Amino acid sequence: MLLLILSVLCLLTVAVFIFRLLRLAKQRIHIPDSTQDRSDWPKVSIIIPARNEAENITGSLGSVLEQDYPTDKLEIIVIDDFSEDATKDIAESLMAKSEFSAQCIQGRALPKGWLGKSNACMWGATHATGDYLFFIDADTHSSPHMLKSVIDFTQTRDIEMLSFNPQQVMVSKGEKSLLPGIFLSTANSMDFVASNDPTQQEAIANGQAMLFKAESYRAVNGHELVRSDVSEDLAFAKKMKQRGFRIFWAFADSLMRTRMYTSANDIWQGFSKNMNRIVKAETLPLATWYWVKCQWIAWMSPILLVVSFLQYQQSASQISILALGINLITSIVLLGTFSGLVRELSVPIRHAIFVPFGISMNGFLALNAWRLQKLNRVVWKNRSLPQ
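When we follow this note's numbering, the leftmost residue of the sequence shown carries the number 1, and every step to the right adds one.
Honestly, I wouldn't trust all of these hints.
[What the hints assert, rightly or not] Restraint ranges, calculated between C-beta atoms of paired labels, are given here:
hint, residue 1, residue 2, range
1, Thr129, Gln106, 14 to 22 angstroms
2, Asp266, Gln313, 40 to 48 angstroms
3, Gln242, Ser263, 36 to 44 angstroms
Calculated directly from the structure, the hints in this document are not laboratory data. For clarity, every value in this text was computed on a predicted model and none was experimentally measured. Each residue gets a CB set at the ideal place from its N, CA and C atoms; glycine is no exception.
Using the sequences provided together with the hints, build the complete structure.
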């Protein structure tokens with residue numbers, strides 16, 4: 001009887017999990033690809049903070065320099081944040097061939113109470129003259145129509161802070177095996193509609209791409225507003241929304257792509273910075289509860305399927321048959337969901353069987369992020385991040 005109760009509970013939990021995912025899928029708003037020709041494009045400053053990005057800056061900066069945007073309406077600013085590699089040399093070499101106004105500036109020393117990325121972004125903003133300030137990461141790659149599409153979308157909806165999710169590129173086996181499950185379980189804690197609703201507290205943002213109306217950005221003193229936040233993107237969205245500014249969260253798979261991490265170790269180190277904050281599990285009880293939920297979704301169905309099958313072999317009672325049937329249905333539904341996910345992410349379908357490992361790992365990431373923040377040991381780009 002206990003097995004049957006657990007089986008029904010697992011089925012109900014999975015049903016709720018999938019219902020939330022289906023709702024999120026319907027909530028997704030994609031920025032359309034715009035190629036329209038206008039005479040009134042606003043001036044935009046694209047700001048790229050870069051620290052030790054020699055391997056990535058060519059793709060990121062190179063694609064920005066190829067934007068289909070009026071040359072007199074776009075300026076590009078790369079902040080070399082004391083890189084220890086050839087980031088600055090590569091950036092300057094690319095900029096020398098550009099028709100756009102482009103400059104690579106040396107980052108400023110880190111003021112007390114600031115974190116590196118926010119400091120670099122703020123320094124870049126002080127050199128910017130655009131009507132819009134567009135902060136993008138140095139590991140992104142943009143399509144030629146990206147900027148026109150984003151600006152047109154922003155102005156049409158009168159958005160003051162736009163952030164979006166690019167296409168996430170996965171190359172190595174570690175990325176393909178772990179990231180789909182991490183993305184799935186992370187998204188399950190979000191509400192896209194609520195984030196775009198001015199009356200709701202939910203606020204989502206992605207530091208890989210954040211566009212601000214310049215006057216709105218300066219009205220809150222720019223990145224000084226989030227100078228000490230590890231999750232500066234989420235903090236920015238939340239604080240802008242609290243102050244009455246129009247924020248918006250969208251998707252831009254066709255306009256920008258990025259490869260976040262290159263190995264399982266990079267994934268662990270990267271998400272351990274702030275996963276507990278991303279999934280709203282900032283206290284130990286909440287992080288522990290999130291870990292429990294991740295392990296339940298990842299492993300309970302296959303465990304119960306094996307146990308119910310063994311019990312069925314021992315005694316083919318009505319209860320054991322019912323439990324086996326429920327667990328078989330639950331497992332098939334989950335596998336189908338995981339298969340759809342990896343297809344959506346352009347990952348080979350064989351990696352669907354590894355999605356539970358990513359979901360399980362995300363629970364550990366939330367706990368580890370809480371632990372590192374508690375011990376003040378968060379490190380990124382060879383810098384300690386004070387809590």
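Outcome for the supplied range 14 to 22 angstroms, where the beta carbon pair is Thr129 and Gln106: 19 angstroms Cβ-Cβ, so the 14 to 22 angstroms window holds.
Verdict for Gln242, Ser263 (Cβ pair) under range 36 to 44 angstroms: holds, 37 angstroms
Asp266 versus Gln313 beta-carbon gap, inside 40 to 48 angstroms or not: holds, 44 angstroms
Going down the numbered hints, you'll see the structure goes against none, and every one checks out.
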